[in-house]
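Engineer: Going line by line, the protein sequences match chains C and Z. If you're matching positions, the first sequence starts at 1 in the numbering used here and goes up one per residue. If you're matching positions, the second sequence starts at 72 in the numbering used here and goes up one per residue.
Rather than coming from a laboratory, the hints here were simulated on the basis of the structure. Note that the Cβ used here is the ideal one computed from N, Cα and C, for glycine as well. A couple of the hints might just be wrong.
[What the hints assert, rightly or not] Here are the simulated DSS-like cross-link-like pairs (lysine-lysine), alpha carbons at most 27 Å apart as the crow flies:
(1) C/K20 - Z/K289
(2) C/K38 - Z/K302
(3) C/K51 - Z/K302
(4) C/K20 - Z/K302
(5) Z/K237 - Z/K90
(6) C/K51 - C/K38
(7) Z/K331 - C/K42
(8) C/K62 - C/K42
[What the hints assert, rightly or not] Covered stretches of chain C, as calculated for chain Z (at least 3 residues, CB under 8 Å):
(9) 23–30
(10) 38–45
(11) 51–65
These are the residues of each chain, in order.
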Amino acid sequence: MTLNKINKGQEFKIESIMEKSIREQAIRLGIFEGIIVKCSHKLPCGPIILKTGLQEIAIGRKLAKKIIVSI
Amino acid sequence: MHKHQGMHHQERCRTQKSKTKLVLAGNPNVGKSVFFNSLTGIYVDVSNFPGTTVDISTGTYDKYMVIDTPGVYGVSSFNDEENVAKDSILNADVILNVVDAVHLERDLFLTQQIIDMGKPMVIALNMMDEVERMGMYIDIEKLSGLLGVPVIAASAVKGIGIEEIKKKLLSGGSVGKRIPEIQSLISEVLSFVNSDGEALMLLEEDESIQNQYHLRKKYNYRENLYNIRRKHVNTVANQVVSRSETKGSALDTLGNMLLKPITGIPLLITLLFILYKLIGEVIAQHIVDITEGIIMGTYYYNFVIQLSSRIFDLNTFFGALLFGEFGIFTMVPIYILGLLLPLVIGFYLFMSILEDSGILPRIAVLVDRLLNFIGLNGRAVIPIILGFGCVTMAIMTTRILGSRRERIIATMLLSVAVPCSAQLGVIIGIAATLSPQLTLIYVFTIFIVFVILGTLLNILLPGQSSELMIDIPPVRIPQARNILKKTAAKSKMFLYEAGPLFLLGGILITIMQYTNMLVVISNWFSPITVNFLQLPLETTNTFIMGIIRRDFGAAGLNTMVAQGLLSTSQVVVALVVITLFVPCIASIMVIFKERRISDALLIWINSFIIAFGIGGLVSHILI
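Next comes chain Z alone, as it looks inside the complex:
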């Protein structure tokens, strides 16, 4: 599956082959990036790991090529992040293992696993300032002695310990003390593979290593070795950590409040309100007005049209394809850069803050039970919240969900019952012209569809959804630099992944328009629109436009409402249909890219049926 090596990656490997590889490894949220930044300075190269969407940063420090890896709890391949981390660690010459001193027991599992792989290592024992504050004491010399590798106390955000770590790295680190039982097992299989690290992976049932050496299912020591290692490191931790009970800080109190529904739900509602204010008002209205309306829509558009009209006849097919209403150089960049990018950045910024502060896992816990009803677990809050920003972006994020079943449910809900921000803005505008009762009917209909659809899918889809088991990190003040880096990396990923799909969408629509297919489809739909939904014939156009861009549809409807072509009940019906109607063409393409073709078709066709079915139902009740 991951055969296609990115050009970028290959080139980088070739030019840097002579350098020694220093890999940063550690559990999630232990402050690895801060060490990475202080080692490499500002010249950092962030790129996608070949075959995945996982970002990997590389830079240089002295004789080293420094590679940052995603945070993982162990070296294995439970998901994409772990695969990337595993490959980097297997190829490393030296490891800088960043350990969260507050969670020593948890983190030492990964540490000992890398030691068992026989890699030379230096440990940065981070968050030592918190250790003191919490009344803990860690015997660092003893820890270093037990593990057999240098351990340096650090507080990366305060810059403590960095110089000493740099010095220790230059001397190359040390190969630690392996667990004897594991070491003897490794020597038994070493002749089959290329390194101690691969030998350990083979013993621990790692699929890619098993396949690589055609030794499938020959060794099944994973659980056994995990147990041995866990007991070993817990003994180590018990020998070096002593605690005295202390009162928690204000941040701990906040963390606890989020885990109790009585205080957590009001806090969650407050957070969502802030999100709505930030994204729905500040970004979707004011910032997008500037980026889409002025910068891209006026200056850029005029510039491109003036330039192109000298060379091209804009009325030909190619003119339309490149510079027309849905053109490659007109609609596509204006839409992606002017409208979506500010929204996507805003959403990722908000999510990164929630993630790094430790609030997001608590929200996942808080809503876990509710999401269970629709066959999802707490982790699914991430794509659902992102869906209100951009459904395309959210569908890409469903990768984090634990099973195919959950990915189908989430994709279906996102493409049917979650309006994206581009559409939401226009919908809110139209809803403002309705009476409160009718607005309520609209909101209630969408909500009911969301719940019933999720519940039905949960009942109908075979198999089991995965269940929540997550680490709850302490609530911490997030690091601005980290947040910005994360947001930048994710926004860049969005552009790379969704950009080509928007491009393809623009081309398809231009072809459909040029060949008059839009009119044909429009006529084909009219019996449904006029007879079943009881709406004026022109409404069909807004539905078709909705396929191109969700907000096009909403905006078209807005014009019709302004012209007084619809009764208020008809407005509600049209709003319901346009909200539930197929996602925009880029989301459809992401669905086809991310899901199996059969699943994607199922999702796509059902979204049509649901939109018109529910719309018809509302129509016959109201009109």
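Bound-form chain C, shown alone:
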């Protein structure tokens, strides 16, 4: 499934990120294929916030549809 289907509080694994440039920038922020993260906030129709350790990253909803995850 894709990241936009994840609910607040769920922990899941990032399986793949579809765009190369997004993948590269995400790695630098600490998000990469294979990492287990938690969804700490989900704005109605808006961005999804991922948490790894104490680090939080906001991902736009449309971008979230291009990220494949598994619970």
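Got chain C; can you put chain Z on it based on the hints?
Structural biologist: Same frame as chain C, but now just chain Z:
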């Protein structure tokens, strides 16, 4: 593109060539500047990096020339800031890497990348006080052992660790442990380039290094090396950090509240209200009254006129050019220093506080979805908010947006539907004379234009807008010194960039006035004004004045309203036109400077059509 080296920069490089270069590097908002300040003291030189608007501070510490760089998540060239940081890091002799201990995993990517470049380094592990408060423990000795460089625990704001870092820097730092796979790749390409750092950049597909050595598209290891490095540093971080769950502080609660619409939106409205009070009332009215009305408008103006009238005949063309109504020594400095500078400082001060406290990224998240409808993402709140201060300043800030498409949309919206503070003050004054219903019609019209224009552009413009992916830093109390430094640097940038354009604008207008072109244009427009908009002929002058300075137009209208020349419905029509009408001449010039000529023309011509089209529509409904 960046061929023109600034004189200032060249000179500095020449005089300081003998010094060893110490470069401060780190992720955004990790407290680099505080270290920079305690190393260099107060004698700091802030200048634009050649070819960019990125500020770079330099100073000296002992044998070192100390260079501060913009905060980046890695060494590469995704944007201007990264280019500047990359160039500085490539040329560094020693690196002081400032790491946010709370976000060790994220920060170590940059650390390891610089280690892979083979640069000697000292690490300042900052925010250690927060680490304790959050119930974390970091094994510093182990971290230092794994990375192969000295690591010093610090809390820059409390002055902890600074002395030890200084001592370690004097002994020169150490070259850390490189990732073996990366090191062997580097040795393969080392013969093509000048340094290990350049070799790594070549492997990581850095465009400028590829071009410099004519090795385009020969190596494509970026993603691969990023993955290897990310996994390596996460292993390092896991070995040295241990956590126990703790309750968040009051600041964390505030941070979480901002991310929930139900609490976030009221907080956002409160913030905007404070901004309006601060800028719209305190600065735009009281402070500008003093700076523009008294200091510049009276004392400075009288001084200049008295001085010049002894030497020049002020009625000649040159007299007008230098000291006339739109003169180089009269209108230009009075407008820039008296009116705009206080507003720009106020806005940048507010934005710097929001940025450094971690509130701004949360606002970006909160409004991201709404901005998606008009083809922008959350980051665009920055230029839009700044636009209410000065549209010229805001258009310069559209550089931070991710794609050309977004920059066009934002520039168009700013130049059409966002009134700047200079204009807003006068508009609010005029609106006060109208009935609440008519005021509402005016506000609603502008808002609808903003939304429809953004939506249409989003549909019509080809391509895709970039999407939001930002780091959300914890909410922190900002450092006063940092805020002031940022505000000063940005305000200075505004003066440097916009100053010459205002100057050129003043010259153009004087020429137009002197050659009677203003009258010709005015007559040319009158059929539109009288027949289509159903307004008195004199209103044309206020439109023309609006090109010179947006608030001139509004002020001219104010006079006409005071004289009772317009019916209340006509006032609404005129207000709509003057708000939507072309931005001031300095903004037009910034648009032509920042955008491609074809894009700029499109924006400019459309702003005319929209202003008169919508004005005519409102006129035919109301009158």
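Engineer: Mind checking the alpha carbons of C/K51 and C/K38 for me, to see if they're no more than 27 Å apart?
Structural biologist: holds, 5 Å
Engineer: If you draw a straight line from the CA of Z/K331 to the CA of C/K42, is it 27 Å or shorter?
Structural biologist: holds, 8 Å
Engineer: Are there at least three residues in the segment 51–65 of chain C whose beta carbon sits under 8 Å from a beta carbon of chain Z?
Structural biologist: Contact hint for the segment 51–65 of chain C vs chain Z: holds, 12 residues under 8 Å.
Engineer: Is the Cα-Cα distance between C/K38 and Z/K302 27 Å or less?
Structural biologist: With Cα atoms ~18 Å apart, C/K38 and Z/K302 stay inside 27 Å; holds.
Engineer: Are the Cα atoms of C/K62 and C/K42 separated by 27 Å or less?
Structural biologist: OK: C/K62 and C/K42 at ~13 Å, within 27 Å.
Engineer: Would you check the hint for C/K20 and Z/K302, treating anything up to 27 Å between C-alpha atoms as holding?
Structural biologist: Within the cut-off at roughly 18 Å; holds.
Engineer: Please count how many residues of the segment 38–45 of chain C have a CB within 8 Å of a CB from chain Z and say whether that reaches 3.
Structural biologist: Contact hint for the segment 38–45 of chain C vs chain Z: holds, 4 residues under 8 Å.
Engineer: Between Z/K237 and Z/K90, does the CA-CA distance stay at or below 27 Å?
Structural biologist: Given pair Z/K237, Z/K90 holds - Cα atoms ~17 Å apart, limit 27 Å.
Engineer: Using C-beta distances, would you say chain Z covers the segment 23–30 of chain C, given that this needs three or more residues below 8 Å?
Structural biologist: Coverage by chain Z holds for the segment 23–30 of chain C (8 residues, Cβ < 8 Å).
Engineer: Would you mind confirming whether the straight-line C-alpha gap from C/K20 to Z/K289 stays at or under 27 Å?
Structural biologist: Given pair C/K20, Z/K289 holds - Cα atoms ~18 Å apart, limit 27 Å.
Engineer: Please work out if C/K51 and Z/K302 have their alpha carbons no farther apart than 27 Å.
Structural biologist: holds, 17 Å
Checked against the numbered hints above, the structure breaks none of them.
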